[in-house]
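The task is simple: from the sequences and hints, build the whole structure.
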Amino acid sequence: EAGVTQFPSHSVIEKGQTVTLRCDPISGHDNLYWYRRVMGKEIKFLLHFVKESKQDESGMPNNRFLAERTGGTYSTLKVQPAELEDSGVYFCASSQGQGIGYTFGSGTRLTVV
Amino acid sequence: GESVGLHLPTLSVQEGDNSIINCAYSNSASDYFIWYKQESGKGPQFIIDIRSNMDKRQGQRVTVLLNKTVKHLSLQIAATQPGDSAVYFCAENIGQGAQKLVFGQGTRLTINP
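Here the protein sequences come in this chain order: F and B.
Using my numbering, the letters of the first sequence map in sequence onto residues 1 to 113.
Using my numbering, the letters of the second sequence map in sequence onto residues 1001 to 1113.
Read the hints as simulated data drawn from the structure, not as lab findings.
Incorrect hints may have been included.
[Said to hold, decoys possible] The calculated lysine-lysine pairs, modelled on DSSO-like cross-linking and capped at a C-alpha distance of 30 Å, are:
1. F:Lys41 <-> B:Lys1068
2. F:Lys54 <-> F:Lys78
3. F:Lys44 <-> B:Lys1071
4. B:Lys1100 <-> F:Lys54
5. B:Lys1100 <-> F:Lys78
6. F:Lys54 <-> F:Lys15
7. F:Lys15 <-> F:Lys41
8. B:Lys1068 <-> F:Lys44
9. F:Lys78 <-> F:Lys15
10. F:Lys41 <-> B:Lys1071
11. F:Lys41 <-> F:Lys54
12. F:Lys78 <-> F:Lys44
13. B:Lys1056 <-> B:Lys1042
14. B:Lys1056 <-> B:Lys1100
15. F:Lys41 <-> B:Lys1042
16. B:Lys1042 <-> F:Lys44
17. F:Lys78 <-> B:Lys1042
18. B:Lys1100 <-> F:Lys51
19. B:Lys1056 <-> F:Lys44
20. F:Lys41 <-> B:Lys1056
21. B:Lys1042 <-> F:Lys15
22. B:Lys1068 <-> B:Lys1056
23. F:Lys41 <-> B:Lys1100
24. B:Lys1071 <-> B:Lys1100
25. F:Lys78 <-> F:Lys51
26. B:Lys1042 <-> B:Lys1100
[What the hints assert, rightly or not] Listing some non-contacts, in silico: residues in chain B with all C-beta distances to chain F over 10 Å:
27. Gln1014
28. Asp1017
29. Ile1020
30. Ala1024
31. Asp1055
32. Leu1065
33. Ala1078
Every residue, glycine too, gets a C-beta built ideally from N, C-alpha and C.
Have a look at this one:
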């Protein structure tokens, strides 16, 4: 089966611009998660979708970040306007049910200059 | 070779030796723990997991030990190979099921030929 796919793999944007990251989970996985790793620090939770609903968005840093999962399939994470501190690697993961089996994508490396 | 995770984020061992990577977790209510391996340019890859009702679990060349008394987790890799070189993260699950993972800082393991 195809894994979790993230696009783009790299993005370099200027401060103040908008960037949209996309995640395609494994087909049939209802649970979709966004995480990010900034400045070489630990990987931190951003939010969790169950199908199209936001189950937990407690990790979203501020209102410049907007995640959507229309139709419960792929998800997008938009950063608008981007700031320098948003630079990092954004990971998406999916799982079929709760309990086991997070599968991570390869991540999107975002650089804000 | 052995690391204390947060205090020694790098560990070098000779090929064929055993390695131990340590991790201290924060939440005594965590019920599920996972070790991930991350290679350059890739997302975290599941290695092994353990539930809080166990204190040891073995996989192929890997063993996870859980000490709930001191909130300590370790990953033992036997007969290390060059392909084991990567950053290793421990993660604890907060909440029921794999809903939200809290990651440790990570330890970079380097296998010397």
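Quick rundown of the hints versus the structure:
For the suggested pair lysine 41 of chain F and lysine 1068 of chain B, the alpha carbons sit about 25 Å apart, so the restraint of at most 30 Å is met. Between lysine 54 of chain F and lysine 78 of chain F the CA atoms are separated by roughly 15 Å; this keeps the pair inside 30 Å, and the hint holds. Taking the CA atoms of lysine 44 of chain F and lysine 1071 of chain B, the gap is about 20 Å. The hint holds against a cut of 30 Å. With a CA separation close to 13 Å, the supplied pair lysine 1100 of chain B and lysine 54 of chain F stays within the 30 Å bound.
A C-alpha spacing of about 21 Å is found between lysine 1100 of chain B and lysine 78 of chain F, which places the hinted pair at or below 30 Å, so the restraint holds. Pair hint lysine 54 of chain F plus lysine 15 of chain F holds up; C-alpha atoms about 28 Å apart against a cutoff of 30 Å. A distance of roughly 21 Å separates the Cα atoms of lysine 15 of chain F and lysine 41 of chain F; the hinted pair therefore holds under the 30 Å criterion. Taking the CA atoms of lysine 1068 of chain B and lysine 44 of chain F, the gap is about 23 Å. The hint holds against a cut of 30 Å.
Only pairs whose Cα atoms come within 30 Å are accepted, and lysine 78 of chain F paired with lysine 15 of chain F is accepted, the gap being roughly 14 Å. Proximity of lysine 41 of chain F to lysine 1071 of chain B is assessed by CA-CA distance (about 21 Å); at most 30 Å being required, the pair is judged to hold. The straight-line distance between the Cα atoms of lysine 41 of chain F and lysine 54 of chain F is roughly 25 Å, inside the 30 Å bound, and the hint therefore holds. This hinted pair checks out: lysine 78 of chain F and lysine 44 of chain F have alpha carbons roughly 17 Å apart, not beyond 30 Å.
For a cut-off of 30 Å, the pair hint linking lysine 1056 of chain B to lysine 1042 of chain B stands: about 28 Å separates their Cα positions. For a cut-off of 30 Å, the pair hint linking lysine 1056 of chain B to lysine 1100 of chain B stands: about 23 Å separates their Cα positions. Between lysine 41 of chain F and lysine 1042 of chain B the CA atoms are separated by roughly 16 Å; this keeps the pair inside 30 Å, and the hint holds. For the hint pairing lysine 1042 of chain B with lysine 44 of chain F, the CA-to-CA distance comes to about 16 Å; that is within 30 Å, so the pair holds.
Distance check on the hinted pair: lysine 78 of chain F and lysine 1042 of chain B sit about 22 Å apart at the alpha-carbon level, within 30 Å; holds. At roughly 16 Å between alpha-carbon atoms, lysine 1100 of chain B and lysine 51 of chain F fall within 30 Å of each other, so this suggested pair holds. The hinted pair formed by lysine 1056 of chain B and lysine 44 of chain F meets the criterion: a straight-line CA distance of about 26 Å does not exceed 30 Å. Of the pairs offered as hints, the one joining lysine 41 of chain F and lysine 1056 of chain B holds, with about 28 Å between alpha carbons and a cut-off of 30 Å not exceeded.
A C-alpha spacing of about 26 Å is found between lysine 1042 of chain B and lysine 15 of chain F, which places the hinted pair at or below 30 Å, so the restraint holds. Between lysine 1068 of chain B and lysine 1056 of chain B, the direct Cα distance comes to roughly 11 Å. Compliance with the 30 Å bound is thereby established for this hinted pair. Distance check on the hinted pair: lysine 41 of chain F and lysine 1100 of chain B sit about 17 Å apart at the alpha-carbon level, within 30 Å; holds. A hinted pair counts as satisfied when its Cα atoms are at most 30 Å apart, and lysine 1071 of chain B with lysine 1100 of chain B qualifies at roughly 18 Å.
Distance check on the hinted pair: lysine 78 of chain F and lysine 51 of chain F sit about 18 Å apart at the alpha-carbon level, within 30 Å; holds. As the CA atoms of lysine 1042 of chain B and lysine 1100 of chain B are separated by approximately 20 Å, the hinted pair is consistent with the 30 Å bound. Its beta-carbon lying about 26 Å from the closest one in chain F, glutamine 1014 of chain B satisfies the requirement of being farther than 10 Å from that chain. Annotated as non-interface, aspartate 1017 of chain B keeps its C-beta farther than 10 Å from every C-beta of chain F; the closest such distance is 27 Å.
Distance check on isoleucine 1020 of chain B: its Cβ is at least 20 Å (rounded) from any Cβ of chain F, clearing the 10 Å threshold; non-interface status holds. For alanine 1024 of chain B, the shortest C-beta to C-beta distance to chain F comes to about 13 Å, beyond the 10 Å cut-off, and the non-interface label holds. Non-interface call for aspartate 1055 of chain B relative to chain F: holds, since the shortest CB-CB distance, roughly 19 Å, exceeds 10 Å. The Cβ of leucine 1065 of chain B lies farther than 10 Å from every Cβ of chain F, with a closest approach of about 19 Å, so its non-interface assignment holds.
With a cut of 10 Å on Cβ distances, alanine 1078 of chain B stays outside the contact zone with chain F, its closest approach being about 24 Å.
Checked against the numbered hints given earlier, the structure satisfies every one of them.
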